[in-house]
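Asks: Single-letter residue listing:
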Amino acid sequence: MSAVSWLRNAGVGIWDFVVGDDWRTAIGVVVAFGVAAAVAAAGIAAWWVMPIAVPLLLLASLWRVARDARDAQRRKKQGRAD
Amino acid sequence: MSGAEVGLALSVFLACTVEAVEALTIVLAVGSTRSWSSSLYGVGVATVVLAALVVALGPALTALPIGVLRLIVGGLLLVFGLQWLRKAILRAAGLRALHDEAAEYEQQRHAAEAIATDEKRVDAYSFLLSFKGVLLEGLEVVFIVLTFGANQHHVGIAAAAAGVAIGLVVLIGAAAKAPLTRVPENTLKFAVGVMLTSFGMFWGTEGTGAHWPGSDAALLVLVPAVALFALATVYALRRLLAAGAQRKREGETSEQVATERA
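If you read the protein sequences in the order shown, they are chains A and B. Note that this note's numbering has the first sequence beginning at 543, numbered continuously upward. Note that this note's numbering has the second sequence beginning at 4, numbered continuously upward.
Errors might be hidden in some of the hints.
Computed list of lysine to aspartate or glutamate pairs in DMTMM-like fashion (alpha-carbon distance at most 20 Å, straight line) [stated by the list, open to error]:
no. : chain 1 : residue 1 : chain 2 : residue 2
1   : B       : Lys251    : A       : Asp610
2   : B       : Lys251    : B       : Glu263
3   : B       : Lys251    : A       : Asp613
4   : A       : Lys618    : B       : Glu255
5   : A       : Lys619    : B       : Glu8
Calculated Cβ distances over 10 Å to all of chain B for the following chain A residues [unchecked claim]:
no. : residue
6   : Val546
7   : Arg550
8   : Gly553
9   : Asp613
10  : Ala614
11  : Arg616
12  : Arg617
These are computed hints drawn from the structure, not numbers from a lab. Note that beta-carbon positions come from the ideal geometry of N, C-alpha and C, so glycine has one too.
From just these sequences and the hints, can you work out the full model?
Replies: Listed below in structure tokens is the structure:
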């Protein structure tokens, strides 16, 4: 195995380990922390940011799974009809 | 032991039990079908690699300023926790197959049997599969122990909780020489998802410079709130699925009636 492919595999492995199969949630977490930090830096209480952001991120992630499953089912149905 | 320390020990214990059960399933399947000695070599080498990682990363983590550490660790725990929680909710709602250790064991066993046994003294397949299984599951254990431990300045408690969990799983697995199907793995994963998400929110928020009302006591509200929200989501998803199935049945019945009339 060449060094490049080894590095690429290692990178993919680390990405899978940390981020998993839903990168949007990871980005959402980073953005939510950014908002909390900005609010806190402005001298306003910021503890409420994450309790609002986390349920929204979880629901959005679940919705994406349900939508993908529904689309896959539709494609399967269409395939059968064709 | 304070409430926060009990929470730390419990979270690490539950998370490490899940990881240990998964690693043990792989080692048992490969060991019992191919070569115990090669599988155990794999376990040994993976353990050495993990120990080296702890030695290398442990001091580096504890040397970081507490605010930065909490933000990084909180973010990682939250991303991890949301992944676990999402999968656990999907499993509990019936949108994803439940994790079945017996099925996983059989799958690994058949895959191991299908590959010709190496005539050499060390069976490379058994060694590599056990090494990979223990290393990957072990990495999650190392990550949880170091992050939880460093954050609360109690790496010792976190390591002890992980040690007890792994020891217990290995002892029961060695006695049974079979996958631990009686461990309620899906329920444990749900609980771990709730814990990781709650602690991730708590530490990450502290890392941003914000402060929770009631300080550490906020966790006593946060953990049950996350658990209740996850349970409510499971309930809502089950209702939606049942309603969808009902609509589908009604649609099929009316289609059948229309066909019969035609």
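Asks: Decide, hint by hint, whether the structure agrees.
Replies: The hints, checked one at a time:
{"no.": "1", "hint": "B:Lys251 - A:Asp610", "verdict": "holds, 19 Å"}
{"no.": "2", "hint": "B:Lys251 - B:Glu263", "verdict": "holds, 18 Å"}
{"no.": "3", "hint": "B:Lys251 - A:Asp613", "verdict": "holds, 16 Å"}
{"no.": "4", "hint": "A:Lys618 - B:Glu255", "verdict": "holds, 17 Å"}
{"no.": "5", "hint": "A:Lys619 - B:Glu8", "verdict": "violated, 53 Å"}
{"no.": "6", "hint": "Val546", "verdict": "holds, 22 Å"}
{"no.": "7", "hint": "Arg550", "verdict": "holds, 18 Å"}
{"no.": "8", "hint": "Gly553", "verdict": "holds, 15 Å"}
{"no.": "9", "hint": "Asp613", "verdict": "holds, 14 Å"}
{"no.": "10", "hint": "Ala614", "verdict": "holds, 12 Å"}
{"no.": "11", "hint": "Arg616", "verdict": "holds, 13 Å"}
{"no.": "12", "hint": "Arg617", "verdict": "holds, 17 Å"}
Hint 5 from the earlier list is the only one contradicted by this structure; the remaining hints agree with it.
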